[in-house]
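> Listed below are the residues making up each chain.
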Amino acid sequence: MTYVAHDESDFAPPMEVEEPELYHPKTFIGKYIWSQDAKVIAVQYSITAISVGLVALVLSGIMRLQLGFPHVFSFITPSTYLQYVTMHGMIMVIYLLTALFLGGFGNYLIPLMVGARDMVFPYVNMVSYWVYLFAVLLLMASFFVPGGPTGAGWTLYPPQAILDGTPGASWGIILMLISLAFFIIGFTMGGLNYVVTVLQARTRGMTMMRLPLTVWGIFMATILALLAFPALFVSAIMMTLDQALGTSFFMPALVSKGQQLAYNGGSPILFQHLFWFFGHPEVYIVALPAFGIVSDLISVNARKNIFGYRMMVWAILAIGGLSFMVWAHHMYVSGMNPYFGFFFATTTLIIAVPTALKVYNWVLTLWRGDIHLTVPMLFAIGFVFTFINGGLTGLFLGNVPVDIPLSGTMFVVAHFHMVMAVSPILVVFGAIYHWYPKVTGRMLNDTMGKFHFWVTFLGTYAIYYPMHYLGFLGVPRRYYALGNTVFIPESAHRLNEAITIAALIVGAVQIVFIYNLIWSYFHGKPSGGNPWRATTLEWQTPQTPPKHGNFGPELPVVYRWAYDYSVPGASEDFIPQNQPPAKKAKGLEAAPDVSELGPQAAAAATTPKPAGGHS
Amino acid sequence: MAIVVWWLVRPTLNVAPWMPQRPIEIARGDGALSMLPVQVGLGVFLAVATSLFALLISAYHMRMMEEDWTNLALPRVLWLNTVVLILASIAMQWTVVAARRGRMDDVRKGLIAGGVFSFAFLAGQLWAWQQLNASGHFTAANPAYAFFLLLTTLHGIHLLGGLWVWARTTVRAFRVVEVGKVRLSVELCTVYWHFLFLVWAVLFAVLLHSHR
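First to last, the sequence lines map onto chains A and B. Sequential numbering of the first sequence, starting at 1, is according to this note's numbering. Sequential numbering of the second sequence, starting at 1001, is according to this note's numbering.
Simulated from the structure, these hints should not be mistaken for lab results. Bear in mind the structure is a predicted one, so any value in this text is a computation, not a measurement. You may find that some hints are simply not true.
[To be verified] In silico contact screen, one side only, chain B against chain A (beta carbon under 7 angstroms); selected entries:
no.	residue
1	I1003
2	V1009
3	V1015
4	W1018
5	P1037
6	S1051
7	M1064
8	E1066
9	P1143
10	A1146
11	L1198
12	A1201
13	V1202
14	A1205
15	V1206
[Claimed, not checked] From the derived model, a few chain A residues whose C-beta atoms are all more than 12 angstroms from chain B:
no.	residue
16	Y23
17	F73
18	T80
19	M119
20	I184
21	T197
22	A225
23	G507
24	T541
25	G549
26	Y563
Idealized CB from N, CA, C, for every residue including glycine.
So that you can see chain B by itself, here it is in the shape it has in the complex:
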């Protein structure tokens, strides 16, 4: 919040808007960003999602301090899922590079690969839930299990939202020939994928190290 306030205050200093008009020698930095609105929109949404996950992690830490905390043995498939999500991010980044170089075939392949890895990640998460459930030790009353479900569900829902945009982008990529028509969507999707990977990395680290 302090950063947001400071960034907004900057263009208000040394400005006298009531002064009469002069020919403009306007420099950038009057509060606008040299980005397209949809890029700014994604940035703002990422700030909201960061707030959401940061609050969840704070709540997790507060809850972990209670006496009844039992550590959760994380299913090993989560490590595989992490690798799969890294591959999804790599695939999306490769797609961006292909888009910048104008190679539509590679864009299509990259999008498909990114989607496949992402769906594989979601399937792996469901498998992890299944494993925990089958172990029988964990019920909804167990706080570690409850938090694990909550954190992974919210992350998964965000990924599903991204996959909806991915699907629209992929359909368009197969319909059009010109790379320029999908380049922005691909770039935005890739930023989002990297963000979701970072969120997962932090969540996974928190889950791994939450031992009292």
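Next comes chain A alone, as it looks inside the complex:
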């Protein structure tokens, strides 16, 4: 165990706890398969999440083929359509986005950004990945069981979810529910790591308010996950019991295909409350890490500190707290008491305030910044565009009378794809382009990256922007075919065709990204340790890629916040977090080097201080 002593110890508190001994694997399997190193676990999570996400992407392509060109593809039956809708949704929201942001980015970035050697519970962290993989395999197995996967929609509403007539009502739904239960168990294990590491394993000098916003976003999202996932766990178990043992947690008295079933008295609304009590925090579990990452991408590439860092932190905390008070805005049409609707509409509008604040701060960070339109920056700015778009349509849907006609239409589909699919995925891409050099030591190819960005950004607009108009017309969601519905004009069908073509193009272009990832691993330009000239600790590791233990024999000591970019008078346009301040002159109180200071602070530092008082 290494004790860190430091000359500048006046500027950072001494280490309070000895460094824990890391597990040092000796075999290939110990290093790369059953690995306890958070970086390896992060790559494992990422590869698994992206792989299953590609499966879901193919499913969405098939869905779009059906919607754009109904009656053309005979292998797409109504059952398979609904099954693909369900699996696409569940995989994307939970098994891709949540796993990638928390398990992938969280595992890689948290220890590095807080200055720790690894997560605090490495063994539990390792087990969390294998439980997640097991959950994924269970879910994929549902494609191969009798009846196929469930077609109940990702929301899995009872009673239909477990009734004959819904695809996969026997084995498919059981595998889905058990898979979710295991996912939640795995994520509890991972979540314990992320939260406790941020709280307790920060290096000397790394206060909470010197953390990069990426860490704040992932940290808060993990807290949401830990408190919200139990609601999904409970509802999954109860629905499993309803299906397997004939209990009536959610199943009312009903007649199915002419037969009175044995169920009695259960409440489908109870499921909706439980599901959405999880489901709304879930969207912020996806969004908050994206918010945090975007703040850092914009800051690095505009060479400017994030505007309003404290407000950004408070906004993350406020969004997290408020996210538990808005869930029933997904239930306006469920028949619940209208006064509940008014309450939840109000809280939904309130949560828009800290969210909008973050958007303003991103824009203000860009304002008069030294903007470098690197590929990560393009994706970050693309996020701001698409999130504003999707967020505004959320305000439409958050209002009860406007939601009533739009609920269940393609307007909702367009809204949630803009905010959940397009925006966070743009951030995922931006983050991968940004941190790939740290993970592999090589840069991703710039030309391929720019091509990937423009086609994806413009293409997703081409998919989802027109979709709002379909929603206004009243085109319903989760419908296999529209037929000759009177109120849907011919132009809507043409629009569906156009959306499908755009979707297939955007889907196909993702191959360029996958190719770039693989090609650059072998042929990419060597990146060096800090190609983006960033301030945060992960870019200050002695080796790139970082070796086991991350920081070499001595942990870094942090002296400043994460956003010292373009500090007036400084010799470089960035000052790393672990760069010590200027040495103090002998016999005098430490005089900060004004060349490192911002203008206000420089003025304050050079103002004579009252004798004997604190400055």
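Use these hints to put chain B onto chain A, whose structure you have.
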């Protein structure tokens, strides 16, 4: 959630992280806790488990309001089980005291006693299920019975998880001589046992008073 948010907001007030470095007069409360990571980890896990059981109890109450609710006659063995779980908690607390006083023999005895009482509790729960099943009145379709099974099963699974940690601690206690090597595990186990007892007490009270 409000408490969590407030606790996180506290160290962010009156802080200007962009200001230049000064010699640190840092007070505690920058978000870190004066506890070991594994203690914080247990605390976070207890928060998750609390969320789980609180949601279950809410669901139970919602379901109880439906018209087809029939009250469940709770088997009397549940009272005995409650006493046994109290004894398990007492045994674990006694173990902690022994560990703090450095008495390894008492630690070993306390761990064994805690484990025996805990297994006895689980056996008693199975006996309660058996009694309900044998009475023939209750089927899976009966909501009160279904909830009873669900609540007791989840509580039992959490206790089994604790028993796995207890087993590792007990094995280590018999292998080592120095109390300091097991003291932290014993303390953590005891906190967990007290938590599970509290959960059982609340569940039992809810089950007892769920009469329409």
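> With reference to the structure, classify each hint as holding or not holding.
Evaluated hints:
1. Interface restraint check for B:I1003: the shortest CB-CB distance to chain A comes to about 10 angstroms, outside 7 angstroms, so the restraint is violated.
2. Interface restraint check: B:V1009 against chain A, minimum CB-CB distance 6 angstroms, threshold 7 angstroms, status holds.
3. The interface hint given for B:V1015 is met, as the beta carbon of that residue sits about 5 angstroms from the closest beta carbon of chain A, less than 7 angstroms.
4. Of the supplied interface hints, the one on B:W1018 holds, with its beta-carbon coming within about 6 angstroms of a beta-carbon of chain A, less than 7 angstroms.
5. Here the hint on B:P1037 is kept, as its CB sits about 4 angstroms from the closest CB of chain A, short of 7 angstroms.
6. With 7 angstroms as the threshold, the beta carbon of B:S1051 comes within range of chain A, its nearest partner Cβ sitting at about 4 angstroms, so the hint holds.
7. For the restraint placing B:M1064 at the interface with chain A, the shortest Cβ-Cβ distance is roughly 10 angstroms, beyond the 7 angstroms limit, so the hint is violated.
8. Interface restraint check: B:E1066 against chain A, minimum CB-CB distance 5 angstroms, threshold 7 angstroms, status holds.
9. Contact between B:P1143 and chain A, as hinted, is supported at the beta carbon level, the nearest pair being about 6 angstroms apart and thus within 7 angstroms.
10. A cut of 7 angstroms between beta carbons decides the hint on B:A1146: the least distance to chain A is about 4 angstroms, and the hint holds.
11. Annotation: B:L1198 was flagged as interfacial toward chain A, and the flag is violated, the nearest CB pair being 17 angstroms apart, outside 7 angstroms.
12. Proximity of B:A1201 to chain A is violated relative to the hint, the smallest CB-CB distance being about 20 angstroms (cut-off 7 angstroms).
13. The restraint placing B:V1202 at the interface with chain A is violated, with a minimum CB-CB distance near 16 angstroms, outside the 7 angstroms limit.
14. Contact between B:A1205 and chain A, as hinted, is not supported at the beta carbon level, the nearest pair being about 19 angstroms apart and thus beyond 7 angstroms.
15. Hint status for B:V1206 relative to chain A: violated, with the closest Cβ pair at about 15 angstroms, above 7 angstroms.
16. For A:Y23, the non-interface assignment is confirmed: its Cβ lies about 15 angstroms from the closest Cβ of chain B, beyond the 12 angstroms cut-off.
17. A:F73, annotated as away from the interface, keeps every beta carbon of chain B farther than 12 angstroms; the closest lies near 42 angstroms.
18. At roughly 32 angstroms from the closest C-beta of chain B, the C-beta of A:T80 stays outside 12 angstroms, upholding its exclusion from the interface.
19. Once the 12 angstroms rule is applied to beta carbons, A:M119 is inconsistent with being away from chain B; the minimum gap is 9 angstroms.
20. Distance to chain B contradicts A:I184 as a non-interface residue, since its nearest Cβ pair spans about 10 angstroms, not more than 12 angstroms.
21. Some Cβ of chain B comes within 12 angstroms of the Cβ of A:T197; the nearest lies about 8 angstroms off, and the non-interface call is violated.
22. The beta carbon of A:A225 is not kept farther than 12 angstroms from every beta carbon of chain B, the shortest such distance being approximately 9 angstroms.
23. Taking the minimum C-beta to C-beta distance to chain B, about 37 angstroms, the non-interface status of A:G507 holds against the 12 angstroms cut.
24. No beta-carbon of chain B comes within 12 angstroms of the beta-carbon of A:T541; the shortest separation is about 22 angstroms.
25. Once the 12 angstroms rule is applied to beta carbons, A:G549 is consistent with being away from chain B; the minimum gap is 17 angstroms.
26. Not every CB of chain B is more than 12 angstroms from the CB of A:Y563 (nearest about 7 angstroms), against its label as outside the interface.
In summary, the numbered hints that this structure violates are 1, 7, 11, 12, 13, 14, 15, 19, 20, 21, 22 and 26.
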